[in-house]
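Participant: Read off the chains here:
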Amino acid sequence: MFWLLACTGGEVETTPEWTGPIPIRLALNWFPEAEFGGFYEGVLGGHYERAGFEVEIIPGGPGAPTLQLLRTDQVEAAITAADDLLLKRDKRLMVTAAWPAFQLAPNGVMVHAGGAGSFEDLEGTIAIEPGSPMETYLAQRYGWDDKGVNRVPYSGSIGPFLADEAFAQQAFITSEPCIAEAKGAEVRFLRAADAGWNPYGSILAVTQPPPPWTEDFVKATHTAWEAYIADPSRANARISELNPDMTPALLECITKKQEPFLVGTDGLGAMTEVRWRQMHDTLEGMGLLGNGYPLEDAWLKF
Amino acid sequence: MKRALPLLVAIVALAAWWAVAARMPPVLLPTPLEVAESAWTQRDRVGEATWTTFLASLAGLGTASVFAIGGAALFQRSRWIERALYPYALLLQTVPIIAIAPLLVVWLGYGTPVAITTSAIVCFFPILTATNQGLRAADPAQVELFRLYGASRFQELRLLRWPSALPFLFTGYRAAVGLSVIGAIVGEFVGSNGSPASLGNLVIRSAGSADTPLTFAAIIASTGLALILFGTVRLVEARTIGRWQGGSE
Amino acid sequence: MGVRFESTSFHWPDGTPLAEELNLEVQTGAITALVGPSGCGKSTLLRLAAGLLEPTGGQVTRSADPCAFVFQAPTLLPWRSLRENVALPVELGASGDVDAALADVELAEHASKLPSQLSGGQQMRASLARALVTSPGLVLMDEPFAALDAITRRRVRDTFLDKLGGRTVLLVTHDVDEAVVLADRVVVLGGPPVGIRLDLHIELPRPRRVHDAGLGDLVRQLEGAL
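Listed in order, the protein sequences are those of chains Z, V and U. Residue numbers are given in the working numbering: position 208 of the first sequence equals residue 194, and the series is strictly consecutive. In short: position in the second sequence from 1, add 1343, done, that's the working numbering. In short: position in the third sequence from 1, add 314, done, that's the working numbering.
The shape of chain Z in the complex, shown without the other chains (with noise of 0.2 Å):
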């Protein structure tokens, strides 16, 4: 099916003949996991068929290239953050964002209890994958060179977080912290947020210029996300299903951890002009964009 929809090229046309449902194929950028759940409970809970739709979630991993899928027309919605998606604009991938899952960025720094209080106060070894906006972001903020802080690699394992105390990682809040500490430990976790690094999170991506059906599957969209808010059992059933490591009770302590980072100050699924002029511009202080792509098309507005 895959190559079928790729072979007849572009978005998918809606006729006025046209009375089925419309097939979506969305590309998720991790593993199955909470930080999804409302996608799934979109399946599960009949939010999507009812709109309309026909939605088929593929899961992703490591560098998951989902902006290059959605722009290739093997899927026709991504996943990303608000940083990859201005990353990827810059680099002449027409997409915009059209729904946020997290108002919040979940991504941090994982610290032990007795750890450091603050991101001023990080010092030692961070495991964080080097090069990342984030890492740069953070280490110039916080002058991590000149305090001597030593970032290695994250190997994606917290083993050795947990085999020493002052160890410190980055982290999204969807995974590391609640694995931490069904593993024993006692964990600190410090916002990206606070630290003035704050991407929309778990973005909904399609193709710049939007397809037709967009705006009513973002409602569609937001209506699962309300409904997984309320009620998170039966999307991560389906969750713990495909991904075996992802148990139920880790499942339940992520669900819990995560939902001020999904509501935020603004509310589920708001996007501001400030929110997005705050990140454009930290990206380009850093010297990461440099095509001046309008940033009015970076997201929809309905």
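It is possible that some hints are incorrect.
Unchecked claim - Below, in silico cross-link-like pairs of lysine to aspartate or glutamate (EDC-like), each with a Cα-Cα straight-line distance of 20 Å or less:
1) Lys169/Z with Glu1377/V
2) Lys242/Z with Glu212/Z
3) Lys477/U with Glu537/U
4) Lys477/U with Asp328/U
5) Lys205/Z with Glu40/Z
6) Lys169/Z with Glu1380/V
I should point out that these hints are in silico values taken from the structure, not numbers from a laboratory.
Dock chains V and U against the given chain Z, drawing on the hints supplied.
Facilitator: Leaving out everything else, chains V and U in the frame of chain Z:
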């Protein structure tokens, strides 16, 4: 007694592993028992993953063989072609797989095609050089013999150069086989999204959820795969060329 | 006319001359031995005679009969059985009787063995069988017995004399004793560039043994010319 030596080493190694691991948290170094337990409880997943990676490695090996052996035969035909294309073959060898894997996902989609491609890329060069060397290794006296009796180039290739190349080929395959498994797994790190399950994906996932016993189980499975393939090469080698290298050369 | 070298010259690709205007006629139906020190070019002459090399000047003519070459090493293909090895010339287009050739060298019962399962002497006889399978008029031999031990050598040489009667044979060897025992004519070569030092006809009856009367003188005479 000689046969028992590797087994003895294995037992000693296992005991040493257990002794060290018993003092450490399982998340850093699980004991052999914990690894076995993990592999057993998740045997469906591990089994499916091992099978997927196995098929991908085989397919990668097969694909690489077609291009590498064909390429070497072409090089044998014309020094010009060899000079023109050899640098690109070398280039293929130096490409960092982990870097191009996301690109492969865009072109091929998630799943086994990416793993097959990375596996093929990684074992292409060893097979090419082995075959290349082998085709040139025919005994000069035997070449003269063929020429004397008016053999065509194709007859020379089929009846002399190809059999002469086989010992070299087997040497090349002994190396290529292990590489094919590694290549598939590296491709799976990025290119596999878990359906179907694959060893590369399993390693990444288990690391992410700090399920180290499962990581070890996956690693042991991949080693087992490589060993099986290696053993198969050795077996075929013994059956085919083993007999003719008995006494004199 | 077996093989004739007429004003034959041969230069290696780098210019070193191997032969300059050499004239040599090898009689039909007789065994001619070429003797000389190593490096004088006798093996190369043999290859010129076989047509494996082209002269750079003059010509090399050969009768149209099939021609066979026996190398110093048995040069059997290790992955083929004895029978398949002897059958190789036939497989490549010549006509010949494989079974007869095997019987001639008394290797018929080993026909399905691999070369690695045969002794040095057996391999050499197999090489001979392969050379004879096409009933060649001309047989070129490059130090064929050098790698064998003394006892095997004598056995194989006797087989050889037995089966080669009537054909034109050009035999290269560094062993003067051997040349005298086997050949009708011994040509002593020097060089490079290769030139004829001495050309002797031997009319003593066969079989000959080295310590026979008369042979000793011949050997001394030949060695003197080397």
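Participant: Each hint needs a verdict: does it hold in this structure or not?
Facilitator: Right, here's what the structure says about each hint:
1. Lys169/Z with Glu1377/V: Measuring from Cα to Cα gives roughly 16 Å; hence the hint holds.
2. Lys242/Z with Glu212/Z: holds (14 Å)
3. Lys477/U with Glu537/U: Given that 20 Å is the threshold and the Cα spacing comes to 29 Å, the pair is violated.
4. Lys477/U with Asp328/U: violated (41 Å)
5. Lys205/Z with Glu40/Z: Judged against 20 Å, a Cα distance of about 15 Å means the pair holds.
6. Lys169/Z with Glu1380/V: Measuring from Cα to Cα gives roughly 18 Å; hence the hint holds.
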